[in-house]
Every structure is written in C-alpha cells, then in structure tokens.
Amino acid sequence: GENVEQHPSTLSVQEGDSAVIKCTYSDSASNYFPWYKQELGKRPQLIIDIRSNVGEKKDQRIAVTLNKTAKHFSLHITETQPEDSAVYFCAANFGNEKLTFGTGTRLTIIP
Amino acid sequence: DTAVSQTPKYLVTQMGNDKSIKCEQNLGHDTMYWYKQDSKKFLKIMFSYNNKELIINETVPNRFSPKSPDKAHLNLHINSLELGDSAVYFCASSRGTSSNTGELFFGEGSRLTVL
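From first to last, the protein sequence lines stand for chains A and B. The opening position of the first sequence corresponds to residue 129 in this note's numbering, with each subsequent residue numbered one higher. The opening position of the second sequence corresponds to residue 7 in this note's numbering, with each subsequent residue numbered one higher.
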C-alpha cells in the first residue's frame, strides 16, 4: 500500500544540539521526498526536498539523506534554535499524482 | 496578495448542517488539493483537481463534494456534518499534475468544529 512511516512522533533536544527524524516508504517507484515544517497554528511549508537521483542534499543547517535500497530518508537539523520548534512532516509520492505524508514529528528545542 | 487563500478561517456549526469552504490560488498553478488534518495532526489527502478535472478522490464519504469552477478555485461542500468531521481543512496548489513537480503551497487552513 501507500505508506510513509515517520519516527519519532515527538523529539526534544537541547538548543545547539542536532535533531534527526526518519521516514520509510513502501513503494520502490517513489522518486520525490519533500519535508514540510508546520509551526503552531500555521500552514505546512516546504523546507527541503530530495529526488531519487541524489543521496544527500543540504541547505544551511538542514540536510536530507536518502537510501533508495532501504527505502528510507532522514531529515537532519544541526545547531538547533528555538525557532526550529514545530511539527515536521516527511512525504513521498505514489504513482503520478499522490503525495502521501508521514504522521509528523513534534520537535521541541529546549533553551 | 496571498498565494492560496481559503475562507472561512473558522467555522463552528451543529451536527447535521451543510457547510462550504472556499479556496482560491493566484499562482497560476494547474493542480489544487484538499487535505484534512485531524486532532493528532495527521495530514491526509482528500481530493485533487487538475484544470478542473478530478484526479484524486480518496476514500472520503460522499457527504464531501468538491467543486472546481475554474483552475484557480476549488471549493469543498460538506453535507450532514458529523462530529468526526471536526478538523482543520487545508487547501493547497502545485504546478503541473505530477506529485513530483515540486512544492505544495498551502492555504492558512479552515478550522471546522462540529458541535
């Protein structure tokens, strides 16, 4: 089926430390893996995405890695700051039209 | 000049009523979506339209009926509201038809509370 599993569901880290969120997907044909950030009471917004032809992508303090063989991908946030506190969603595409989201990770940065 | 705007932002209504949520995008995108986010924050796709044509229709009760009068608008009408319909409904749009063409732009969400 079209499944995206995301772990952990909640994560607390000290300010300045790194945070890692992991996702697995079920369809080996999936080729697009975005990450969305949703701050409290706000809309989800794209923060980074990766396509299946690359294994890693970095944008300042955030990076995403993809292991196509194992069908998993991860979000890494380094030097975390209070404004990184939010719910993070991974997603994967299934077929040509559908983007399915993971169950979300509530990240809390402890000052 | 909000990119994806939806109204109303809040909606409180009684069980059994019928209500509509409207969505408009000014990005010139071809594809629009409705997502439902429940109290556990799960984001689930409900419908997707491309150039006014329905392309995704998830397992959603037929009390929910989307309507796309043109490619810039996608409205959601809900009949006979039930308690379990309480959620935040997000409209979104994207360029092209494929789910891998890039960013989804979400509206601010419409919080529906059924009493």
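Where hints are given, some of them may not hold.
As the list claims (entries may be wrong) - Here's a subset of chain A near chain B, in silico, CB distances under 10 Å, partners left out:
hint, residue
1, Gln173
2, Lys185
3, Ala219
4, Thr231
To be verified - Okay, derived cross-link-like pairs now, SDA-like style, lysine to any residue, Cα gap no bigger than 20 Å in a straight line:
hint, chain 1, residue 1, chain 2, residue 2
5, A, Lys186, A, Lys170
6, A, Lys170, B, Leu60
7, B, Lys47, A, Ser213
8, B, Lys47, A, Thr152
9, A, Lys170, A, Glu211
10, B, Lys28, B, Leu60
11, A, Lys185, A, Lys199
12, A, Lys165, B, Met21
13, A, Lys165, A, Gln142
14, A, Lys165, B, Leu60
15, A, Lys226, B, Thr65
Because the hints were derived from the structure by calculation, they are not lab data. Remember, it's a predicted structure, so these values are computed and weren't measured experimentally. For each residue, glycine too, the CB sits at the ideal point set by N, CA and C.
We went through each hint and held it up to the structure:
1. Gln173: 7 Å, holds
2. Lys185: This interface hint is violated because 14 Å lies over the 10 Å limit.
3. Ala219: 8 Å, holds
4. Thr231: Holds - the Cβ of threonine 231 of chain A comes within 10 Å of chain B, reaching about 6 Å at its closest.
5. A/Lys186 <-> A/Lys170: 25 Å, violated
6. A/Lys170 <-> B/Leu60: 27 Å, violated
7. B/Lys47 <-> A/Ser213: 15 Å, holds
8. B/Lys47 <-> A/Thr152: 19 Å, holds
9. A/Lys170 <-> A/Glu211: 13 Å, holds
10. B/Lys28 <-> B/Leu60: Roughly 17 Å between the alpha carbons, so the hint for lysine 28 of chain B and leucine 60 of chain B holds.
11. A/Lys185 <-> A/Lys199: 16 Å, holds
12. A/Lys165 <-> B/Met21: With Cα atoms ~32 Å apart, lysine 165 of chain A and methionine 21 of chain B exceed 20 Å; violated.
13. A/Lys165 <-> A/Gln142: Holds, at roughly 19 Å.
14. A/Lys165 <-> B/Leu60: 27 Å, violated
15. A/Lys226 <-> B/Thr65: It holds: about 13 Å lies between the C-alpha atoms, which stays within 20 Å.
The structure shown violates the earlier hints numbered 2, 5, 6, 12, 14.
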